[in-house]
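Student: What follows is the residue order along each chain.
Number of protein chains: 2
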Amino acid sequence: MTSPEGFSIRRTRKEDYEGVLSTLKSLTTVGTISRSHFESIVSYWDSIRLLNARKQEGGELGYKYNNFVIVDDHNGQVAATGNIIIEQKLIHECGLVGHIEDISVSEKYQGKKLGKFLIDKLTSVGFANGCYKIILDCDRKNVKFYEKCGYEEAGVEMRIRSNL
Amino acid sequence: MTSPEGFSIRRTRKEDYEGVLSTLKSLTTVGTISRSHFESIVSYWDSIRLLNARKQEGGELGYKYNNFVIVDDHNGQVAATGNIIIEQKLIHECGLVGHIEDISVSEKYQGKKLGKFLIDKLTSVGFANGCYKIILDCDRKNVKFYEKCGYEEAGVEMRIRSNL
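If you're matching them up, the sequences are chains A and B in order. Anchor point for the first sequence: position 83 equals 83 in UniProt numbering, and the numbering is continuous, going up by one each time. Anchor point for the second sequence: position 81 equals 81 in UniProt numbering, and the numbering is continuous, going up by one each time.
Source of the hints: derived by calculation from the structure; they are not laboratory data. Treat the hints with care, as some may be off.
Which copy? The list can't say, so a pair holds if one copy fits it or any two copies do.
[Said to hold, decoys possible] The calculated BS3-like cross-link candidates involving lysine-lysine, where the alpha carbons are at most 25 Å apart (straight line), are:
{"hint": "1", "residue 1": "Lys133", "residue 2": "Lys25"}
{"hint": "2", "residue 1": "Lys89", "residue 2": "Lys133"}
{"hint": "3", "residue 1": "Lys113", "residue 2": "Lys148"}
{"hint": "4", "residue 1": "Lys141", "residue 2": "Lys116"}
{"hint": "5", "residue 1": "Lys89", "residue 2": "Lys14"}
{"hint": "6", "residue 1": "Lys141", "residue 2": "Lys89"}
{"hint": "7", "residue 1": "Lys25", "residue 2": "Lys89"}
{"hint": "8", "residue 1": "Lys141", "residue 2": "Lys112"}
{"hint": "9", "residue 1": "Lys89", "residue 2": "Lys116"}
{"hint": "10", "residue 1": "Lys133", "residue 2": "Lys148"}
{"hint": "11", "residue 1": "Lys89", "residue 2": "Lys108"}
{"hint": "12", "residue 1": "Lys112", "residue 2": "Lys133"}
{"hint": "13", "residue 1": "Lys108", "residue 2": "Lys133"}
Hey, can you work out the whole structure from these sequences and the hints?
Tutor: So this is what it looks like as structure tokens:
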């Protein structure tokens with residue numbers, strides 16, 4: 001997996017406030033989030049380690065939340081963002097499962113294959129952390145995209161919304 | 001939501017070692033898990049609090065992992081188990097989403113509506129913690145069961161397995 005020319009990928013940092021929130025607006029409702037609230041969530045994500053994190057090496061390994069940004073090297077803008085959250089199970093010999101969530105590519109950066117690059121990176125981070133599988137939920141219209149990323153259909157997503 | 005007569009429900013504890021593992025075997029491969037490994041995972045689950053946990057009251061609130069057991073009051077056996085893991089997002093005003101995982105009912109306790117009771121409880125725990133939605137993935141054959149629990153079809157589950 002090589003980075004598309006002119007772009008790099010790394011864990012999200014506190015200074016990505018504007019870039020991440022504006023990118024997420026391509027995906028769904030974001031609402032009003034203060035800089036300090038954003039920073040507290042990035043800190044929270046960074047604070048939760050996997051149970052066996054000490055056995056692992058490397059600056060990107062050992063985290064439960066793995067929110068990444070693709071950055072345009074030319075101007076420093078956030079072009080895409082996405083998360084893989086690693087779940088500690090009991091089944092499968094206390095196995096780990098990755099959940100990919102909230103993939104979004106900023107409108108001005110669409111059509112550059114950054115979505116596939118992001119999924120490939122998150123998948124690689126999940127497996128490097130020891131996940132035996134990685135799952136995600138998507139609309140039917142996005143199935144072909146995820147198949148190109150190596151994923152296959154596995155089941156039905158069910159949902160219930162809060163009445164509040 | 002009332003507990004089926006003769007059964008109670010509570011968070012999983014370290015002493016549920018045999019009961020939880022034998023119940024999970026109704027669901028899938030569990031493998032060999034030592035008592036100390038089980039206990040370390042229950043401790044790990046209990047150690048991770050939600051970002052706003054201090055604002056919440058009550059012994060069941062404020063946890064990221066919420067693994068519950070239904071216990072047969074007559075003999076203390078674990079009859080069913082399941083988990084709801086609460087994800088801290090940025091979207092939807094830094095919203096929370098619950099992920100229901102690893103629902104299993106021990107074979108000898110099937111047909112007593114414990115599955116629905118468990119889902120109702122986990123759903124209620126998710127909403128009490130502030131989740132704006134709760135999701136789960138299931139086989140097509142289980143869609144009707146989850147519809148009875150108030151869930152609706154929302155998308156497609158995609159999966160990739162590790163080569164290891």
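Student: If a hint holds in the structure, say so; if it doesn't, say that too.
Tutor: Cross-check of the supplied hints:
For a Cα distance limit of 25 Å, the shortest separation of Lys133 from Lys25 across copies, 19 Å, qualifies, whereas the shortest one inside one copy, 29 Å, does not. For the identical chains of this complex, Lys89 and Lys133 are neighbours both inside a copy (12 Å) and across copies (21 Å), given an alpha-carbon limit of 25 Å. Taking the closest pair of Cα atoms, Lys113 and Lys148 come within 25 Å of each other only inside a single copy of the chain (11 Å); across copies the shortest separation is 41 Å, beyond that limit. With identical chains, the CA atoms of Lys141 and Lys116 are at most 25 Å apart within one copy only, with a shortest distance of 15 Å there and 31 Å across copies.
In this homomeric assembly, Lys89 and Lys14 come within 25 Å of each other (Cα to Cα) only across copies, at 15 Å, whereas the closest approach inside a single copy is 30 Å. When the C-alpha separation of Lys141 and Lys89 is checked against a cutoff of 25 Å, the pair qualifies only between copies, where the shortest distance is 24 Å, while the shortest distance within a copy is 30 Å. For the identical chains of this complex, Lys25 and Lys89 are inter-copy neighbours only, at 13 Å across copies versus 32 Å inside a copy, given an alpha-carbon limit of 25 Å. With identical chains, the CA atoms of Lys141 and Lys112 are at most 25 Å apart within one copy only, with a shortest distance of 19 Å there and 39 Å across copies.
For the homomeric pair Lys89 and Lys116, the shortest alpha-carbon distance between copies (21 Å) is at most 25 Å, but the shortest distance inside one copy (27 Å) is not. Taking the shortest alpha-carbon separations for Lys133 and Lys148, only the intra-copy value of 17 Å comes in at or below 25 Å, while the best inter-copy value is 29 Å. In this homomeric assembly, Lys89 and Lys108 come within 25 Å of each other (Cα to Cα) only across copies, at 23 Å, whereas the closest approach inside a single copy is 39 Å. Proximity of Lys112 to Lys133 under the C-alpha cut-off of 25 Å is found in neither arrangement, the shortest distances being 27 Å within a copy and 32 Å between copies.
In the homo-oligomer, the alpha carbons of Lys108 and Lys133 never lie at most 25 Å apart, since the shortest distance is 32 Å inside one protomer and 30 Å across protomers.
Going down the numbered hints, you'll see the structure goes against 12, 13, while the others check out.
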